[in-house]
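Quick mapping for you: the protein sequence lines, in order, are chains A and B.
Residue 1 is where the first sequence starts when you use the working numbering, and the numbers rise one by one after that.
Residue 1 is where the second sequence starts when you use the working numbering, and the numbers rise one by one after that.
Note that these hints are calculated values from the structure, not bench results.
The structure displayed is predicted, hence computed values, not measured ones.
There may be inaccurate statements among the hints.
Only some residues are given here: those of chain B computed to face chain A with a beta carbon under 10 Å [to be verified]: (1) Lys118; (2) Arg180; (3) Glu222.
Simulated pairs of lysine to any residue, SDA-like, Cα-Cα distance not exceeding 20 Å [stated by the list, open to error]: (4) A:Lys222 to B:Leu240; (5) A:Lys126 to B:Thr219; (6) A:Lys273 to B:Pro224; (7) A:Lys273 to A:Ile312; (8) A:Lys126 to B:Gly24; (9) B:Lys229 to A:Ala265; (10) A:Lys273 to B:Ser67; (11) B:Lys197 to B:Asp68; (12) A:Lys126 to B:Lys198; (13) A:Lys222 to B:Asp68; (14) B:Lys196 to B:Ser67; (15) B:Lys3 to B:Leu200; (16) A:Lys222 to B:Lys246; (17) A:Lys273 to B:Gln226; (18) A:Lys283 to B:Arg74; (19) B:Lys229 to A:Ile312; (20) A:Lys273 to B:Ile231; (21) B:Lys33 to A:Asn133; (22) B:Lys246 to A:Thr309; (23) A:Lys283 to B:Pro214; (24) A:Lys283 to B:Ile236; (25) B:Lys246 to B:Thr219; (26) A:Lys222 to A:Glu307; (27) B:Lys3 to B:Thr153; (28) B:Lys246 to A:Arg191; (29) A:Lys126 to B:Arg227; (30) B:Lys197 to B:Arg74; (31) B:Lys198 to B:Ile85; (32) B:Lys229 to A:Ala232.
The C-beta atom is built at its ideal place from N, Cα and C for all residues, glycine as well.
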Amino acid sequence: MARILIVAEHDGENLNPSTAKCVACAADVDGAEIDLAVFAANGGAVAVQAAALDHVARVLKVDRAENEQALAAVIAPQLAALADGYDHVLGPSTTFGKDLMPRVAALLGVNQISDIMSVEGSHSFKRPVYAGNAVVTVEAPADRVVVGTVRTASYRAVATAGSAAVESVDQSADLPDHTRFIEIRSGQSDRPDLQTAARVVSGGRALGSSENFELIFKLADKLGAGVGASRAAVDAGYVPNEMQVGQTGKIIAPELYFAIGISGAIQHLTGIKDAGTIVAINKDEEAPIFEVADVGLVGDLFAIVPELTDAIA
Amino acid sequence: MEKILVGLKRVVDYNVRVRVKADGSGVETDGVKMSINPFDEIALEEALRIRERGEAGEIVVMSIGSSDAQQQLRTGLAMGADRAILVETAGDIDPLSRARAFLEIAGREQPGLVLLGKQAIDDDNSQTGQMLAALWGRPQATFASQIELNGETARVTREVDVGLETIEVDLPAVVTTDLRLNEPRYVKLPDIMKAKKKPLDTVAFDDLGVEAAPVIRETAFEPPAQRQKGIMVDDIAGLLAALRDKGVL
């Protein structure tokens, strides 16, 4: 048996889909018995969603006022304390998990396995290195707790037909007040979430301006797609950082991906290699994006994209 | 603040196309160009700008690795750091051992701020900064795209999945840098000459009195699964037909 504790990612109301992908990874460990930990000010609603995930045995709800925001320095000591008796402690390889989990690993005195893409054994995993240019098999010490982050693009969310028990856990440990949340700024949008959307349309530097990015938004809306961008487009200020797809942005795996005016730098390709079908539209027929695209069209995006948008029913 | 400590890791240059060795024992590094980890270069640039604003005194750069890492430390000194420390190890070491070495040096140097890259582009672990903050019992602000110092505290804007988060941390703190924090300066030739005279101290990792961490073994390397090149279409009608064929539209 392998006792696995997964930290749930949420915004106080809704469970983030990354959690269901972590559960899918954990379920690949032989004899996995999976518990979820929900740290919140009032985690009732999130715990209900967590309890519905398949494979989950128990949901441990830790309600404290200090958990209103997901600050790594505040959650890490609580998660480390809760980890006692577990063989594995996992979190998603999102900015939430990347921030939190190494802090937990250090408190537990172990190194972390970052970006788990497959489970090879209870202590053996595969993970990408060198921006995805190599995959390494790693073996964690058998006599120590395994702390890891899960590369969410490598897993499909588990179903929600479960009915785990929800238990409230009292946590009275002193928590630091040296880190304080000020604000979060987010380009609110009604479009599908980039990280979980089945379809994504991304634009690159060739768009040339913020205004021209409207072409991408219109096509995306016609397709019911999320919108992403290359690093070059974000660096140029056309769109905000949360839209960046790639090694240093979001790593995604939609069923259908449009790369428009994106040359296909390696760091961008790393973010989309698990996509189902990749469509590339670029005026440069030599662009590296065409080497990985399932369907490629050479031409002027300013002519093609509006026409394509109109042509889609 | 009196001092900023900056970590510089020696890594395969970001322009090098990394290849897995035929026997799966690692990646080809023979004769490959090595550089400062790009995120660490951003960390040093930020430290220099903080000092140029008159908000910091000394900038100390530190690397953990083989004696070859002196090259990257010299580059850091040429960029403008005042002093360098090499914690010498026989080969690559794990993030937790690195964090413990940083903690030991932070204890000796008492920096008001430790700036590190958010991840190294070789192992892509993204662990050392958070681990140092945990062991030190100090705040962490990861993935920083803006840093504002206000005496005893810092306001850091972080690039997170939903947008930009701002947190306030008491100092000293560990801040890890993201790409859009700044654009590092180029090193000028006269500065390279001047850097040769700046102090670079070497201390053996084994002499730090740091406990080695349980190591995660790397047992085999393989190239990633490659996507196959698909078809090229001539026009929008062809594109739509291809997508309908695949059943994705």
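Hints, verified against the model:
Interface restraint check for Lys118 of chain B: the shortest CB-CB distance to chain A comes to about 8 Å, inside 10 Å, so the restraint holds. Look at Arg180 of chain B: its Cβ gets to within about 7 Å of chain A, closer than 10 Å, so that hint holds up. Evaluation of the Glu222 of chain B hint against chain A yields a held restraint, the C-beta minimum of about 5 Å falling below 10 Å. For the hint linking Lys222 of chain A to Leu240 of chain B, the alpha-carbon distance of about 14 Å falls within 20 Å, and the restraint holds.
The hinted pair formed by Lys126 of chain A and Thr219 of chain B meets the criterion: a straight-line CA distance of about 10 Å does not exceed 20 Å. Taking the CA atoms of Lys273 of chain A and Pro224 of chain B, the gap is near 10 Å; set against the 20 Å cutoff, the hint holds. Taken as a hint, the Lys273 of chain A and Ile312 of chain A pair is broken in the structure, with Cα atoms around 25 Å apart against an allowance of 20 Å. With a C-alpha separation of about 14 Å, the suggested pairing of Lys126 of chain A with Gly24 of chain B holds against the 20 Å cut-off.
Only pairs whose Cα atoms come within 20 Å are accepted, and Lys229 of chain B paired with Ala265 of chain A is accepted, the gap being roughly 16 Å. For the proposed pair Lys273 of chain A and Ser67 of chain B, the alpha carbon gap of about 37 Å is over 20 Å, so the pair is violated. For a cut-off of 20 Å, the pair hint linking Lys197 of chain B to Asp68 of chain B stands: about 18 Å separates their Cα positions. Distance check on the hinted pair: Lys126 of chain A and Lys198 of chain B sit about 43 Å apart at the alpha-carbon level, beyond 20 Å; violated.
For a cut-off of 20 Å, the pair hint linking Lys222 of chain A to Asp68 of chain B is broken: about 55 Å separates their Cα positions. Proximity of Lys196 of chain B to Ser67 of chain B is assessed by CA-CA distance (about 16 Å); at most 20 Å being required, the pair is judged to hold. Proximity of Lys3 of chain B to Leu200 of chain B is assessed by CA-CA distance (about 16 Å); at most 20 Å being required, the pair is judged to hold. A threshold of 20 Å between alpha carbons decides the hint, and for Lys222 of chain A with Lys246 of chain B the separation of about 19 Å falls inside it, so the pair holds.
Our distance criterion of 20 Å between C-alpha atoms is met by Lys273 of chain A and Gln226 of chain B, whose separation comes to about 8 Å. As the CA atoms of Lys283 of chain A and Arg74 of chain B are separated by approximately 43 Å, the hinted pair breaks the 20 Å bound. Distance restraint check for Lys229 of chain B and Ile312 of chain A: the Cα-Cα separation of roughly 25 Å exceeds the 20 Å cut-off, and the hinted pair is therefore not satisfied. A hinted pair counts as satisfied when its Cα atoms are at most 20 Å apart, and Lys273 of chain A with Ile231 of chain B qualifies at roughly 17 Å.
Distance check on the hinted pair: Lys33 of chain B and Asn133 of chain A sit about 16 Å apart at the alpha-carbon level, within 20 Å; holds. Between Lys246 of chain B and Thr309 of chain A the CA atoms are separated by roughly 19 Å; this keeps the pair inside 20 Å, and the hint holds. Only pairs whose Cα atoms come within 20 Å are accepted, and Lys283 of chain A paired with Pro214 of chain B is rejected, the gap being roughly 51 Å. Distance check on the hinted pair: Lys283 of chain A and Ile236 of chain B sit about 14 Å apart at the alpha-carbon level, within 20 Å; holds.
The straight-line distance between the Cα atoms of Lys246 of chain B and Thr219 of chain B is roughly 38 Å, outside the 20 Å bound, and the hint therefore fails. Annotation: proposed proximity of Lys222 of chain A to Glu307 of chain A holds, straight-line Cα distance about 12 Å (limit 20 Å). Distance check on the hinted pair: Lys3 of chain B and Thr153 of chain B sit about 15 Å apart at the alpha-carbon level, within 20 Å; holds. Between Lys246 of chain B and Arg191 of chain A, the direct Cα distance comes to roughly 24 Å. Violation of the 20 Å bound is thereby established for this hinted pair.
Between Lys126 of chain A and Arg227 of chain B the CA atoms are separated by roughly 19 Å; this keeps the pair inside 20 Å, and the hint holds. Distance check on the hinted pair: Lys197 of chain B and Arg74 of chain B sit about 10 Å apart at the alpha-carbon level, within 20 Å; holds. In summary, the hint linking Lys198 of chain B to Ile85 of chain B is supported, as the alpha carbons are separated by about 11 Å, within the 20 Å threshold. A distance of roughly 24 Å separates the Cα atoms of Lys229 of chain B and Ala232 of chain A; the hinted pair therefore is violated under the 20 Å criterion.
In this structure, the earlier hints numbered 7, 10, 12, 13, 18, 19, 23, 25, 28 and 32 are contradicted, and the remaining ones agree with it.
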